[in-house]
Structure formats: structure tokens, C-alpha cells
Amino acid sequence: MPRFSAQFGRRVVLGIPTTWLIVLFLIPFIIVFKISFSEVRLAMPPYAPLFEWADGKPVAVRLNLSNYSFLFTDALYVSSYLYSLKVAAVSTLFCLLLGYPMAYAIARSQPTTRNLLLMLIVLPFWTSFLLRVYAWIGLLKSNGVINNVLMAMGIIHEPLTMLQTDFAVYIGIVYSYLPFMILPLYSNLEKHDATLLEAAADLGARPVTAFLRVTLPQSVPGIIAGSLLVFIPAVGEYVIPSLLGRTDQLMIGRVLSDEFFANRDWPVASAVAIFMLGLLVIPIMLFQHFEKRTLEAHK
Amino acid sequence: MSKQTNGQSKGAPYVRIENVTRKFGDFVAVNDVSLEVQRGEIFCLLGGSGSGKTTLLRMLAGFETPTSGRIYIDGQDMSGIAPYDRPVNMMFQSYALFPHMTVEKNVAFGLEQERLTRDEVRRRVGEILDIVKMGQFLARKPHQLSGGQRQRVALARALVKRPKLLLLDEPLAALDRKLREHTQFELINIQEQLGVTFIVVTHDQEEAMTLSSRMGVMNQGQIVQVGTPTDIYEFPATRFVADFIGSVNMFEGKLVEDEPDYVRIRCEDFGGTVYVNHGISSAPGATVWVAVRPEKINIARHPPAPPAGVHQPGAGQGENVVRGTVKEIAYMGDMSIYLVQTESGKTVRVTMPNVARHTEDRITWDETVYVSWHAESPVVLTR
Amino acid sequence: MKSHGLFSRVALVFGLVFLYVPILSMVVFSFNNSRLVTVWDSAHSPTLRWYQALISNEQILGAAWLSIKIAMIAASGAVVLGTLSGVALARFGAFRGRALLAGMTTAPLVMPEVITGLSLLLLFVALEQTIGWPKGGGAVTITLAHITFCMAYVTVVVQSRLVGFDESLEEAAMDLGARPVKVFFRITLPLIVPALVSGWLLAFTLSWDDLVISQFVAGPGSSTLPMVIFSKVRLGVSPDVNALATIMVMVVAAGITASSVWMRFQARRRERDMQLAAAANL
Numbered sequence: 001m002p003r004f005s006a007q008f009g010r011r012v013v014l015g016i017p018t019t020w021l022i023v024l025f026l027i028p029f030i031i032v033f034k035i036s037f038s039e040v041r042l043a044m045p046p047y048a049p050l051f052e053w054a055d056g057k058p059v060a061v062r063l064n065l066s067n068y069s070f071l072f073t074d075a076l077y078v079s080s081y082l083y084s085l086k087v088a089a090v091s092t093l094f095c096l097l098l099g100y101p102m103a104y105a106i107a108r109s110q111p112t113t114r115n116l117l118l119m120l121i122v123l124p125f126w127t128s129f130l131l132r133v134y135a136w137i138g139l140l141k142s143n144g145v146i147n148n149v150l151m152a153m154g155i156i157h158e159p160l161t162m163l164q165t166d167f168a169v170y171i172g173i174v175y176s177y178l179p180f181m182i183l184p185l186y187s188n189l190e191k192h193d194a195t196l197l198e199a200a201a202d203l204g205a206r207p208v209t210a211f212l213r214v215t216l217p218q219s220v221p222g223i224i225a226g227s228l229l230v231f232i233p234a235v236g237e238y239v240i241p242s243l244l245g246r247t248d249q250l251m252i253g254r255v256l257s258d259e260f261f262a263n264r265d266w267p268v269a270s271a272v273a274i275f276m277l278g279l280l281v282i283p284i285m286l287f288q289h290f291e292k293r294t295l296e297a298h299k
Numbered sequence: 001m002s003k004q005t006n007g008q009s010k011g012a013p014y015v016r017i018e019n020v021t022r023k024f025g026d027f028v029a030v031n032d033v034s035l036e037v038q039r040g041e042i043f044c045l046l047g048g049s050g051s052g053k054t055t056l057l058r059m060l061a062g063f064e065t066p067t068s069g070r071i072y073i074d075g076q077d078m079s080g081i082a083p084y085d086r087p088v089n090m091m092f093q094s095y096a097l098f099p100h101m102t103v104e105k106n107v108a109f110g111l112e113q114e115r116l117t118r119d120e121v122r123r124r125v126g127e128i129l130d131i132v133k134m135g136q137f138l139a140r141k142p143h144q145l146s147g148g149q150r151q152r153v154a155l156a157r158a159l160v161k162r163p164k165l166l167l168l169d170e171p172l173a174a175l176d177r178k179l180r181e182h183t184q185f186e187l188i189n190i191q192e193q194l195g196v197t198f199i200v201v202t203h204d205q206e207e208a209m210t211l212s213s214r215m216g217v218m219n220q221g222q223i224v225q226v227g228t229p230t231d232i233y234e235f236p237a238t239r240f241v242a243d244f245i246g247s248v249n250m251f252e253g254k255l256v257e258d259e260p261d262y263v264r265i266r267c268e269d270f271g272g273t274v275y276v277n278h279g280i281s282s283a284p285g286a287t288v289w290v291a292v293r294p295e296k297i298n299i300a301r302h303p304p305a306p307p308a309g310v311h312q313p314g315a316g317q318g319e320n321v322v323r324g325t326v327k328e329i330a331y332m333g334d335m336s337i338y339l340v341q342t343e344s345g346k347t348v349r350v351t352m353p354n355v356a357r358h359t360e361d362r363i364t365w366d367e368t369v370y371v372s373w374h375a376e377s378p379v380v381l382t383r
Numbered sequence: 001m002k003s004h005g006l007f008s009r010v011a012l013v014f015g016l017v018f019l020y021v022p023i024l025s026m027v028v029f030s031f032n033n034s035r036l037v038t039v040w041d042s043a044h045s046p047t048l049r050w051y052q053a054l055i056s057n058e059q060i061l062g063a064a065w066l067s068i069k070i071a072m073i074a075a076s077g078a079v080v081l082g083t084l085s086g087v088a089l090a091r092f093g094a095f096r097g098r099a100l101l102a103g104m105t106t107a108p109l110v111m112p113e114v115i116t117g118l119s120l121l122l123l124f125v126a127l128e129q130t131i132g133w134p135k136g137g138g139a140v141t142i143t144l145a146h147i148t149f150c151m152a153y154v155t156v157v158v159q160s161r162l163v164g165f166d167e168s169l170e171e172a173a174m175d176l177g178a179r180p181v182k183v184f185f186r187i188t189l190p191l192i193v194p195a196l197v198s199g200w201l202l203a204f205t206l207s208w209d210d211l212v213i214s215q216f217v218a219g220p221g222s223s224t225l226p227m228v229i230f231s232k233v234r235l236g237v238s239p240d241v242n243a244l245a246t247i248m249v250m251v252v253a254a255g256i257t258a259s260s261v262w263m264r265f266q267a268r269r270r271e272r273d274m275q276l277a278a279a280a281n282l
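Residue numbers (our numbering), protein chains in the order written: chain A, 1 to 299; chain B, 1 to 383; chain C, 1 to 282.
Check before you lean on any hint, since a few could be wrong.
[Stated by the list, open to error] Selected chain C positions facing chain B (Cβ under 7 angstroms, derived; list incomplete):
#1 S168
#2 L169
#3 A172
#4 M174
#5 L176
#6 G177
#7 A178
#8 R270
[Said to hold, decoys possible] Okay, the calculated beta carbon distance ranges per label pair:
#9 B:A330 with A:A199: 32 to 42 angstroms
#10 C:G97 with B:A173: 32 to 42 angstroms
#11 B:E181 with A:T113: 44 to 54 angstroms
#12 A:F72 with C:R96: 34 to 44 angstroms
#13 A:V149 with C:T257: 22 to 32 angstroms
#14 C:F7 with A:F72: 38 to 48 angstroms
These aren't lab readings, by the way, just hints derived from the structure by calculation.
Using N, Cα and C, we set each Cβ at its ideal position, and we do this for glycine too.
Make the full structure from the sequences, and use the hints.
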């Protein structure tokens, strides 16, 4: 009897979240996948059904691949995908270049200061993401804070155009995702054995060498985790490019949203989404692999 | 050693482990172990890490399931019975006290499963805590207790349900030396007072020898020998057991005479002959090992007189005695350990109590000495 | 070693400045009388007029209230579901469908929100077609969507807390006769409460702050606060938004300071207790 209830309890614990996620996470993707093959229609919903029904049995399947071929032929999509990947990659790199030394400094600080520093890093994350991106508008625009200060100091005589540029998007992404880069890096660096560096110094290695040969290799899992946590969502970013980004070259998140809301072309929007997913599947699986490894290492 | 020796059996054994094996993939942690424990015994499983003793204990508790074999407690087959349904309680190595509960609540936790009134629970909790002398700490939380105090609470918690069997996982490992000795005797007293059957798992020989009425030595998933501490120490069954418990001098040799009431073994190891005054079962010419404990060996400047009571032809000088040079001396206060190197290069370890206070005449380094032992001291081992 | 430490410390200072300058500038300019926001009107500043405007702005207040309600329900739902899946992944060993559950709970962590939002909207549309519900979206669809993506974060928090949890406590409880359910509620749960609290707060913040997914699945008539803010700021800076931002920053800063003070206090008390116990050394 105890066996039975234990099994039943297990099924309930497992079943509830699994069912929820299947209904609200998995099935939606299948629907997106399905719709990406249909034709657009001036109706509600604005797409043609995939199957033709007659007497309750599917008679014909209308598989429309034109949505996908559209992605490859239309310059807008190709350039948006490539642009998104480029922006995400560059931003991730900058984020890493700034985040790594920060994480390093925190990991090497005294335990009391460390908690304070971590708190300071995490605090902005708890305030609104949207508002913090918005804050950069105020800083970067023509009569914004940075330009005003620079002009007042006489360094420049004409305001710099910083809004609606690639530069603004990089800043926006680095700014918003910095904690996601720092925390995994910190958690990795914090576990390093400081005596290894002492041993290296004892054997004659200068600080830079010791860093490159001892610390850096050990921190690779943290680098990968942090980079994926930044890169993957950055590819599909919508808010940052909308508020800070260029109007002549869109990132793919904007394109998807426009196709959906402005053009009401749900099939194409779905195709855009599926293709984006396809591009990101490998990084996502890499991320999940590393998540699992870190969790197991904790045991 | 605990007083309940002679394993007085009330008929069937209380705990019966029958051909139990536990595999983790290809790795065999417990290999076809069979064991019987009598009621009211303190039984110790002694072994190094990886010997399988902890896995065996966890199978008794119900946290691991045997890959094959059965476990019976008081005649009841424990297959398929979950830990919470077994009449067994365990004292964990880390004590596992619930940090968010007071001492009282910790101990009472096990009783809550049994339908007792509040008063009854309180009474029994008070009773057991008095036995372990923790009665005045009811309201403390675990982090407010010292290591020794936590151990007693863990013991009380496991005993309050009056289990048929109490399992103890390295109970004294976390205590410092003085506390350990004191607690060893306390544990025995409590066990005698309550009459609970104990099975203790430990890697510490001293612990095992002190606590147990009987013990089992485990190695690589198997039980190598079971017996009272005296049995195991004085009559080890294998070289492994002889070497594992205490220290021992092991001489390899060939059986040259094999009679019902004596044997003679020629040991090239130390260049001499060993005469043992009891028979063993083996073939003549076989390779055997002679184990002699350091405390059974005498060290002197002159060879001893021919051993008394030996009337066998051929017996005489040169047997059970070796000449060598003192290479190392470790002075331990109550005794001294001598390492003597024989002419054949073998090192013999001898311990002698320091009976005399004055040191002038003591044997010292580089002296030539004769180490000897009585004919009944060696143990002959065939495996 | 010294010069090396210096470089990283400089980077740390620069990084902290980088993180806080935008926030501070928003706070400062919320007191600026000028409509141009970033041009300081020294004659009439500092002023509280934008705060007053904020209080009387029905649209913003209504949206804020809706966001709070949704966030509270979503956070609670996410904690329940996230705890269940965290427990399953941490304690159930290998089971059929484990890879599926693990994948579904880590994917939302990195999935671009436009994809999640699109897929959920299409689901709701399909549902409406087949069973007639939900009608045109609304707060319900937003809440369901938020629970779904927030539970992933809670799962990670709970799972990593449970993995580091001392299993011998749970074993001891079972050994003493408690069934698994009782073990969970009497032993495990009380000891992971801090993780659950931080999971709830995390989910609350994510829900409260979400724009993209809300935009996709919201129906007419339900505007969350981020949606209102976004439509305002697309057109440029707006001083009442600065005031709103300042209020939020203050609330968060107060909350975090209070909680870390509380934790320091707790830690110090524990240490004192342990020292007393060791000193008594019975």
C-alpha cells in the first residue's frame, strides 16, 4: 500500500508541471510550426487551414512552403537575420569583456564587500528593464545628458548622433544583460583555488601568464554559460532595438512583430519564428547541456 | 568489549542477511553477504572505505534495495518495505538533526507517526533525553549545541521509538579523542539498559573492539571473518584480517613438519624456524604465513633458554627466535616499539611495556638483540 | 598580481558607474521642471510636479494595478509549478520524460520573448476557435503566459537549492516513519523557504516587467504598465515616466536593503549561538 501511494504521489508531482508545460509551451510551438506552412487570408484567423475536411476526414493537405522560400529570397529577412546574429555576437563580446574583469574583481574581494558588490550588481536587475533601456534614450539623444556634458566641457561643438545607431543597441544590450554575464562567471571564478595561482607564481609565472594559463582555462564553463545567456535572447531582442536601434536596418525580433501586427501575415511571422528557432536550437541545446553539468557539479 | 558475548540466541537470529548482493552498474558494492545478528547484541561491521559496510547498513535501513538476496528482521522479510515502515531506526554519521526544530521537536518527530497523546509523547521524549543526559536542553536548536550534545540528541531521537534494531553509522567519528572514549562506554551502558540490538558501522578498529559483542570484518564487499573481538584479534582467519586489526609481523614460510599437535615452518624471511604447538590443516610443503603480534614477542640481549614444555625431537634452540639489530625505537610512554632488522633483512616489530622507570639499562639503538616468542603465540594462515 | 588586481578593480568601478548612471540620471531628472527632461530648468527645479501628475494619471495607475495583480497571481502560480518541477528534477532520479521536462523548463530561460509571445497567442487563438475560450485575450491570458515562462526560473532556483540540500535530513525523517509527502512538508519545504521567497520575487519582477509577451497575448482593454510605458516612450522621453522610474527604484532599493539587513542580523545571531555552544562544550 505504501508503494502505491508513493508512485501515485510521484505521478501527480510530475504530471502537473509537465502537463502545464506541454499545453502552454510545447503545443504552441507545434501550432506555430503548423501555421508557418499555411497561406495568409483576409479572415480571422488570418490563415488558411492546413487540412481540407470533408465528412470529418482530411482530404487534402495544403502545405505552403512559400513562406519559407520568402525568407530566403526577400532581402529584408536575410539581412535582418544576419544583422541580428551580428549584433548579438558583438554585444555578447563586449558584455564578456566588461563582465569578466568585474566578476573577477568581485570573486577576489573580501567576503564582506563581496555581498555588497553582488547586491549592487543585482539591484538594477530588479528595477524595470524597460525603464532602464528608456533611461539610455535620455542619455544618448541629441540634447541628452552625455551630449550636454560634452558640449559644456567644450570637448565637442556639435551633438553626437548616438541614438538609433548600432552603438546604441550594443550599449543597450550590454547594459541590460550584464548581470546575466557576471553571475555565472562569478559563480565559476569564486570556486577557483587561490593556492593554484600562488603555486604558479612560485614556479616563476608572471601574473599575466598565470592568468592565461591557470585562471582562464578553468573559467571557460562560466564564459560559455554567461555568453549563451546573453547571446540567445539578444538575437530575438525587441525592446532595445525598438527604442534605441536603427530604423533602416531591423533586427529579426522587430521584423517578426511587424509581420504579425502590422502586416497581419501570421504565416510569414510563424515562418520567421521557426527559422529563428532553428538558428538558435544549437546554442539552446548547448546551454541546457551546460546547465545540467553545473547542477551536477554542485552535488 | 561489551558484556553480551556468547551470542546467547533466543532461537532464530534477530537479523538475518541472506546472500545479499548490491550492484551499481558493473560495480559490486556488496558481494553475496550472509550474516546473522542475535537479539540484544552490539554487532560491528568493520572495514575500510569501499568495503561495502555503509551500503550494507543502508540496505538494512531501507535506503538501498538489494540487487539479490533477502533481509529478515525478527523473522519478517523486508523486501519492498520502505524505510518509514521498518522497525529499524538509524543514527546518521552527520546526525542529521532537523535544524529548524528544537531538541524536543526533533526527538518527538518519530513519535508523531504513532498515535500517541501529547502527554505520552512528552513523557517519552523526556524519558529518553534523561537517559542520554540531555534533559535540560529541550528548547535548544541544533546549532546551539556542541558536537557531543548533538550526537546524544541524534541517539535519543533514534531510540525513542523503541526500534527492534538500531543502526549506527560511524557514531564516534566526529568526536575528539577524549570524548570518544567516554562516549564508547556510555553507548554500551545505554544499550544494556534498553536492550536494543545495535549494528554499528565503523572504520575505526578501536571503536569496533570496544563496542562490539561480536564483529564482522568486511573487505571489498564481502565479510571476511565474524567473531568476538578476541577471536578476530587472536585468531584471524586470513592475512587480510591479521593485518587489518592492530599490527602484526607476517613471515612467509614452508611447512616442513605437519603433525596433529604441532607444526614446523621454515621461514627464509627471517632465516629461522617457527614451531607452533598446535596442528593446522594443510599439505606438507605448502606455503603458509606465520602471524605474530608485536606484544607477544620478547626482546633481550641474550637468546632465551630452550622453551619449556617442548618435548618434540628436534625442538630446541634456534626455533621461534631470531637475532637482529635494533634500528628504530619509538617511546610511547607506557610502552616502546622496537623495529629490529634481522640478518636476512626482515624487519620485526616488537612492543614491550616500559616496566622499569630507570632508563640506564634499556635496550638502545644498534644493539644486537634476540627476539623470541612462545610456541603458542603465532597464528598460521593459509590465505 | 598587484597590477592585475588593479585592472579588474578599475573595470569593476567603471562597470558599476555604467550600471548606475542611467538610473541616477532618471532619478535626478524626475525632479526637473522642464518638459524637455534632460535640459535642467534651474529656475523652477527641483519640483514634484511630475509625481503629482503621476498620481492623477488614471491610465498609468490602472495599468500599474493590473500589472500588480497579474504579477502576484503569476508569481504564486509559478512558485507552485516551479517547485513541483524542481522537486521532480532534483529528487526523482531518472524517469521517463525527464529530458522533456528538463528541456521545457530550461528553454524559456533563453528563448527570445517574441517567439514565446507569438506561440502563446496562436495557442489562445486556436483554443478560442475550438472551445470558444478565451474570448479575445485579457488579463487571464497574460497571467497564464506569465506563469508559464516564470516557472522556468523558479524551477532552476528550487532545483539548485534542492541539489545542494542535505539529503540525510530527508532520509532521517523517513527512517523515523514519515511518508514522503510528510517529509516534504515538514522537513524539506521549511528549509528551502528562502529559495521559494527569492523565486517568488524573481517571478514577480519578471511578470511585472514583461512587455513583449504581454503585447502578444493581451486583449483589447487590458494594458499592463510596461505596455503603457512603452507606447509613451516610443515617442521620446517623458518626465512622468522618470518619476515612475524613481519610485520603482526607491521601492526596490528599500526592499533589498531591508532584506540584507535582516539576513545579516540572522547570520550574526546564529554565529553567536554557535559560539556559546562551543564555549559551554559539554
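Hint by hint, here is what the structure shows:
no. : hint                                   : in the structure
1   : S168                                   : 4 angstroms, holds
2   : L169                                   : 5 angstroms, holds
3   : A172                                   : 4 angstroms, holds
4   : M174                                   : 4 angstroms, holds
5   : L176                                   : 4 angstroms, holds
6   : G177                                   : 4 angstroms, holds
7   : A178                                   : 6 angstroms, holds
8   : R270                                   : 6 angstroms, holds
9   : B:A330 with A:A199: 32 to 42 angstroms : 34 angstroms, holds
10  : C:G97 with B:A173: 32 to 42 angstroms  : 41 angstroms, holds
11  : B:E181 with A:T113: 44 to 54 angstroms : 45 angstroms, holds
12  : A:F72 with C:R96: 34 to 44 angstroms   : 39 angstroms, holds
13  : A:V149 with C:T257: 22 to 32 angstroms : 30 angstroms, holds
14  : C:F7 with A:F72: 38 to 48 angstroms    : 46 angstroms, holds
Every hint from the earlier list agrees with this structure, and none is contradicted.
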